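Visitor: Residue strings, one per chain:
There are 2 protein chains.
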Amino acid sequence: MGVWTVFQLHEAFGPTSHLVGDLPLCHVRLQDDARYPWLVLIPRGPELVEIEDLSPADRVRLVEETVMAGRAVHALGAVLGFEVAKLNIGALGNVTPQLHVHVVGRRPGDPAWPGPVWGHSAGQPHGDRAAERVLLARIQLGL
Amino acid sequence: MGVWTVFQLHEAFGPTSHLVGDLPLCHVRLQDDARYPWLVLIPRGPELVEIEDLSPADRVRLVEETVMAGRAVHALGAVLGFEVAKLNIGALGNVTPQLHVHVVGRRPGDPAWPGPVWGHSAGQPHGDRAAERVLLARIQLGL
Numbered sequence: 002m003g004v005w006t007v008f009q010l011h012e013a014f015g016p017t018s019h020l021v022g023d024l025p026l027c028h029v030r031l032q033d034d035a036r037y038p039w040l041v042l043i044p045r046g047p048e049l050v051e052i053e054d055l056s057p058a059d060r061v062r063l064v065e066e067t068v069m070a071g072r073a074v075h076a077l078g079a080v081l082g083f084e085v086a087k088l089n090i091g092a093l094g095n096v097t098p099q100l101h102v103h104v105v106g107r108r109p110g111d112p113a114w115p116g117p118v119w120g121h122s123a124g125q126p127h128g129d130r131a132a133e134r135v136l137l138a139r140i141q142l143g144l
Numbered sequence: 002m003g004v005w006t007v008f009q010l011h012e013a014f015g016p017t018s019h020l021v022g023d024l025p026l027c028h029v030r031l032q033d034d035a036r037y038p039w040l041v042l043i044p045r046g047p048e049l050v051e052i053e054d055l056s057p058a059d060r061v062r063l064v065e066e067t068v069m070a071g072r073a074v075h076a077l078g079a080v081l082g083f084e085v086a087k088l089n090i091g092a093l094g095n096v097t098p099q100l101h102v103h104v105v106g107r108r109p110g111d112p113a114w115p116g117p118v119w120g121h122s123a124g125q126p127h128g129d130r131a132a133e134r135v136l137l138a139r140i141q142l143g144l
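Those protein sequences? They're chains W and F, same order as listed.
Okay, so the first sequence: first residue is 2 according to this note's numbering, each after it adds one.
Okay, so the second sequence: first residue is 2 according to this note's numbering, each after it adds one.
Please note: incorrect hints may appear among the correct ones.
As the list claims (entries may be wrong) - Just a few of them, taken from the derived set where beta-carbon distance is under 7 Å, the chain F residues facing chain W:
no., residue
1, Arg60
2, Val68
3, Met69
4, Phe83
5, Lys87
6, Val96
7, Arg107
8, Pro112
9, Gly116
10, Pro117
11, Ser122
12, Ala123
To be verified - Pair ranges (Cβ atoms, derived):
no., chain 1, residue 1, chain 2, residue 2, range
13, W, Leu144, F, Val7, 49 to 57 Å
14, W, Leu144, F, Ala123, 27 to 35 Å
15, W, Leu136, F, Arg130, 47 to 55 Å
16, F, Ile140, W, Ser56, 46 to 54 Å
17, F, Asp54, W, Glu133, 29 to 37 Å
18, W, Phe8, F, Glu84, 27 to 35 Å
19, F, Ile140, W, Gly128, 31 to 39 Å
Derived from the structure by calculation, the hints contain no laboratory data.
On a predicted model such as this, the values are computed, not experimentally measured, just so you know.
Every residue gets a Cβ at the ideal spot worked out from N, C-alpha and C, and that includes glycine.
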């Protein structure tokens, strides 16, 4: 996490999400899909692919930031008009290998329920509401 | 984690997985699907649904046991004849709410690749190979 750490965001994240900000470990983005309250955490570090690539101390940060993101997702759900019934936490990376953790708020009757959201269908962009939702996420995350 | 902890395994796990054993935090099971090396970690505790329901200390245990399970999944993949290219870690719980973490070894060309395995298709049971694969998982996990 020092000044010599090289972090480069994979180009796949830009078109599919909005910048929220940086927590101590993770770069945080709002997935550009207004059908779900959905944050993506990308640990900042060079060449991270699997959770085991993180130091034990950073694994602790990752799980704590995942819990923080879950709380923010609940708040985002309220803004989107959804009561989050269950969080879905996933680190897949089959398509975009850079280590990232999805934190998605789910509810019965959402488009993919009860299946996973990943690969289900094209997102519905936040459009001109993105900025206020990013701001809400920042506030919830203490950024 | 004390003697007063009530842990009851949800009935959904029995028919879909084989008992592997208990790590300090998690009950571990082998998913009964020979198409993927796939372990399921179920933290032992009463009424756990979300990761935030664990104490911070148990969250640390969960992430460390997830890393251990990932190594075991790599070894299981070799036994199944697959080289694991990517781990998929997921805590969903839309169908079975009891907190559990899937640790799945994935490879290009596997049945669900690059989509998620959850909800993709019916499993292919381990059959009479289950016992030796459970044993391998136990050895890898130090059980």
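Visitor: Indicate whether the distance between the beta carbons of leucine 136 of chain W and arginine 130 of chain F respects the range 47 to 55 Å.
Guide: Since the Cβ atoms of leucine 136 of chain W and arginine 130 of chain F sit about 54 Å apart, the hinted range of 47 to 55 Å holds.
Visitor: Any CB of chain W closer than 7 Å to the CB of proline 117 of chain F?
Guide: Result: holds, 4 Å to nearest chain W Cβ.
Visitor: Does glycine 116 of chain F hold up as a contact with chain W if the rule is Cβ-Cβ below 7 Å?
Guide: With a minimum Cβ separation of about 4 Å from chain W (threshold 7 Å), the hint on glycine 116 of chain F holds.
Visitor: Could one say that the CB atoms of leucine 144 of chain W and valine 7 of chain F fall in the range 49 to 57 Å?
Guide: Since leucine 144 of chain W and valine 7 of chain F have Cβ atoms about 38 Å apart, the given range 49 to 57 Å is violated.
Visitor: Can we keep the lysine 87 of chain F interface hint, with Cβ of chain W closer than 7 Å?
Guide: holds (6 Å)
Visitor: May I ask you to test the interface hint for arginine 107 of chain F with respect to chain W, counting a Cβ-Cβ separation under 7 Å as satisfied?
Guide: holds (6 Å)
Visitor: Given valine 68 of chain F was flagged as interface, is its beta-carbon under 7 Å from a beta-carbon of chain W?
Guide: holds (5 Å)
Visitor: Less than 7 Å between beta-carbons is the criterion; does arginine 60 of chain F satisfy it with respect to chain W?
Guide: It holds, given that the least Cβ distance between arginine 60 of chain F and chain W is near 5 Å, below 7 Å.
Visitor: Just to be sure I understand the hint, the distance between the Cβ atoms of aspartate 54 of chain F and glutamate 133 of chain W should be within 29 to 37 Å; is that true here?
Guide: holds (30 Å)
Visitor: Would you check whether valine 96 of chain F satisfies its interface hint, that is, whether its CB is within less than 7 Å of any CB in chain W?
Guide: holds (5 Å)
Visitor: Can the hint on phenylalanine 83 of chain F be confirmed by a CB-to-CB distance to chain W that is less than 7 Å?
Guide: Violated - the Cβ of phenylalanine 83 of chain F stays beyond 7 Å from chain W, reaching only about 14 Å at its closest.
Visitor: Going by Cβ atoms only, is alanine 123 of chain F closer than 7 Å to chain W?
Guide: Interface hint status for alanine 123 of chain F: violated (14 Å vs cutoff 7 Å).
When each numbered hint is compared with the structure, violations occur for hints 3, 4, 8, 11, 12, 13, 14, 16, 19.
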